[in-house]
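Student: Assemble the complex: chain H is given as a structure, and chain C must be docked to it using the hints.
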Amino acid sequence: MNIVVCVKHVPNPDLPMVVDPETRRLVRDPGESVLDTADEYGVEIALQLAEMHGGEVTVVTMGPEAADDALRRALAMGAHNAMHIVDESLAGSDALGTARTLAAAVEPLDADLVICATESTDAYSGMVPGALAEMLGLPQLTFAREAEVDGDSITVKRAVDTGVQTIQATLPVVMTVTASIAEPRYPTFRGLMQAKRKPVDVKSLADLGLDASLVGEAGAQERVTEIATETVEKEGVKIHDDGGDSIDQIVAYLKRIEVI
Amino acid sequence: MAERRVWVWVEVDVEGRPDKLSLELLTLARSIGTAEAVVLHPDAAGTVELLGEHGASAVYVGNDARFGDFVVDPHVDAMAALLNDESPDLVLFPSMFSARDIQARLVGRLGIGAISNATNVSYDGDDIVVTAPYGAETIGTVTLDNDGPHLVQIRPKAFPIEAVGGSAEVREVSPAIDDSRCRVRLLETIEEVSEGPNLEDATVIVSGGRGLGSADNYIIVEELAGQLGGAPGASRAIVDAGWVPYSHQVGQTGKVVKPSLYVAVGISGAIQHLVGMQGSSNIIAINTDEDAPIFDVADFGVVGDALQIVPALTARLREES
Numbered sequence: 419m420n421i422v423v424c425v426k427h428v429p430n431p432d433l434p435m436v437v438d439p440e441t442r443r444l445v446r447d448p449g450e451s452v453l454d455t456a457d458e459y460g461v462e463i464a465l466q467l468a469e470m471h472g473g474e475v476t477v478v479t480m481g482p483e484a485a486d487d488a489l490r491r492a493l494a495m496g497a498h499n500a501m502h503i504v505d506e507s508l509a510g511s512d513a514l515g516t517a518r519t520l521a522a523a524v525e526p527l528d529a530d531l532v533i534c535a536t537e538s539t540d541a542y543s544g545m546v547p548g549a550l551a552e553m554l555g556l557p558q559l560t561f562a563r564e565a566e567v568d569g570d571s572i573t574v575k576r577a578v579d580t581g582v583q584t585i586q587a588t589l590p591v592v593m594t595v596t597a598s599i600a601e602p603r604y605p606t607f608r609g610l611m612q613a614k615r616k617p618v619d620v621k622s623l624a625d626l627g628l629d630a631s632l633v634g635e636a637g638a639q640e641r642v643t644e645i646a647t648e649t650v651e652k653e654g655v656k657i658h659d660d661g662g663d664s665i666d667q668i669v670a671y672l673k674r675i676e677v678i
Numbered sequence: 399m400a401e402r403r404v405w406v407w408v409e410v411d412v413e414g415r416p417d418k419l420s421l422e423l424l425t426l427a428r429s430i431g432t433a434e435a436v437v438l439h440p441d442a443a444g445t446v447e448l449l450g451e452h453g454a455s456a457v458y459v460g461n462d463a464r465f466g467d468f469v470v471d472p473h474v475d476a477m478a479a480l481l482n483d484e485s486p487d488l489v490l491f492p493s494m495f496s497a498r499d500i501q502a503r504l505v506g507r508l509g510i511g512a513i514s515n516a517t518n519v520s521y522d523g524d525d526i527v528v529t530a531p532y533g534a535e536t537i538g539t540v541t542l543d544n545d546g547p548h549l550v551q552i553r554p555k556a557f558p559i560e561a562v563g564g565s566a567e568v569r570e571v572s573p574a575i576d577d578s579r580c581r582v583r584l585l586e587t588i589e590e591v592s593e594g595p596n597l598e599d600a601t602v603i604v605s606g607g608r609g610l611g612s613a614d615n616y617i618i619v620e621e622l623a624g625q626l627g628g629a630p631g632a633s634r635a636i637v638d639a640g641w642v643p644y645s646h647q648v649g650q651t652g653k654v655v656k657p658s659l660y661v662a663v664g665i666s667g668a669i670q671h672l673v674g675m676q677g678s679s680n681i682i683a684i685n686t687d688e689d690a691p692i693f694d695v696a697d698f699g700v701v702g703d704a705l706q707i708v709p710a711l712t713a714r715l716r717e718e719s
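Chains as they are written, first to last, in my numbering: chain H, 419 to 678; chain C, 399 to 719.
Rather than coming from a laboratory, the hints here were simulated on the basis of the structure.
Please note: incorrect hints may appear among the correct ones.
With a cut-off of at most 30 angstroms between alpha-carbon atoms, the simulated DSS-like pairs for lysine-lysine come out as follows [what the hints assert, rightly or not]: (1) K656(C) with K673(H); (2) K673(H) with K555(C); (3) K656(H) with K673(H); (4) K418(C) with K656(H); (5) K555(C) with K656(C).
On the chain C side, residues computed to face chain H include the following (Cβ under 8 angstroms) [unchecked claim]: (6) S485; (7) Y532; (8) G640; (9) N680.
We put the CB at the ideal spot given by N, CA and C, even for glycine.
This is chain H alone, in the form it adopts within the complex (with noise of 0.2 angstroms):
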């Protein structure tokens, strides 16, 4: 079974996000970013089914130089090969021009499976997954949380407003996976060692015969013409408990507000 699993490098989602007022984009310090955690479970699911039924994982990912660090992170999880699609004329790509770049990326990759996040935790659209899939004629079966491979049929458990549905297709699929698929592995010392000495196929927009007006900045029609800055911070009451002295402020507090 062949698995492609589209992985990105984002900043810590533990810090705040900073946006240029300049550029009004996402200020993306390399030092200060990692394979979004979203991704880990794709990647894991990916190996958890090449575990189980023979085949190899393929992590894909666009972006700087710098993202060559999300597809280490993969590769020492586990993942066999990896493919970085790097030039400057991707800076600036909005969901449309992503997913054509990821689509003339995997399209030719062959994969029976081909696995997204259901968002990325940055710019967090929702948009690149379905998108992708459309552009290479997959089905795509969304927001798994189980997913079980049997021949070459697919089925997926999801949690969806209506309640939790069963959805079943047949591969290839592209499917994306929410934080209950799996729970990530975290690479072993020899995995790390192993992947920092692992190939990597650098691909540029030309290797991909794609057209640079279609992707980056000049093929982006989602334009950001401004960005305010609100703060939310509150100046709110902060108080230490020390063994349940808070309940008689919690109560007070309750009562000012009128809820008791």
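Tutor: Below, chain C without anything else, positioned relative to chain H:
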């Protein structure tokens, strides 16, 4: 210039009614131009009356059984054909799972940009102006450079539901659906039934997160919620961990709530969660980590062990009531 045609993608709830989020979007649609609704669902016909009452002047009704038996593909094929024939200016999508799937595939199909997580849409001449918050503190103004249709997903609770009266003209949609395009079959849906007041309607919500330590401790959240006549909620982390059902989830991918009191118990306050609850009138946060981001939005923060404080608080309130 002719009035703008604004379409609203309608999701149908388990009772066969138009989902509340779709009704919210009709309020926005009416403020921009002529509001029209699209319902592709086996029970679509039953939604027309309510949609008309909430301001839809027309409803595109597609009730092919395959809209219920399969997900995504037949809907996308039908919607792409409709957009091609009718050329609306704008399509509003609710922030819901299947609506997102359809919007995303349309981006790929039509090769057009789209905007997610928006809180408002207006027009400046021919330019669309969309407000979209990034994270908890940054608000972006975004436009789309394509000629249309513009595809915009709107956050829950951005607009009130308004029953303005009126009735909608029914426009039957019978797209040619190719069976070979029905590729993802829906085998089963298990409804999650929640007890007590509905999260969206509750005036008090008590939510729990990872700081509870284990699924067994969620009971302290339920007991405090019960004592305050409220509903229990949850962070995405503990829903993903399987401690509580998805119907309890508050946040970007869960429910967006604005109760008069929100109590966050053992919730650190990831952006995902904050966007779902920061509109609450009063927020109490209880967490052991003094630096947790939840304290930035809290009106009343308690740094301490929720496992001790919450049961003691519930007991005190019970004594006083």
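Student: So, for every hint listed, does it hold in this structure?
Tutor: Here is what the structure says about each hint:
1. Taking the CA atoms of K656(C) and K673(H), the gap is about 19 angstroms. The hint holds against a cut of 30 angstroms.
2. Restraint check: the Cα-Cα separation between K673(H) and K555(C) comes to about 27 angstroms, which is no more than 30 angstroms; the hinted pair holds.
3. With a C-alpha separation of about 17 angstroms, the suggested pair K656(H) and K673(H) falls inside the 30 angstroms cut-off, and the hint holds.
4. As the CA atoms of K418(C) and K656(H) are separated by approximately 36 angstroms, the hinted pair breaks the 30 angstroms bound.
5. Restraint check for K555(C) and K656(C): satisfied, since their Cα atoms lie roughly 8 angstroms apart, inside the 30 angstroms limit.
6. Contact between S485(C) and chain H, as hinted, is not supported at the beta carbon level, the nearest pair being about 17 angstroms apart and thus beyond 8 angstroms.
7. Hint on Y532(C) holds. Least Cβ distance to chain H is approximately 6 angstroms, under the 8 angstroms limit.
8. Interface hint status for G640(C): upheld, as the beta-carbon distance to the closest one in chain H is roughly 6 angstroms, under 8 angstroms.
9. Residue-level restraint check for N680(C) holds (minimum Cβ-Cβ distance to chain H is 5 angstroms; threshold 8 angstroms).
The structure is inconsistent with the numbered hints 4 and 6, although it conforms to all the rest.
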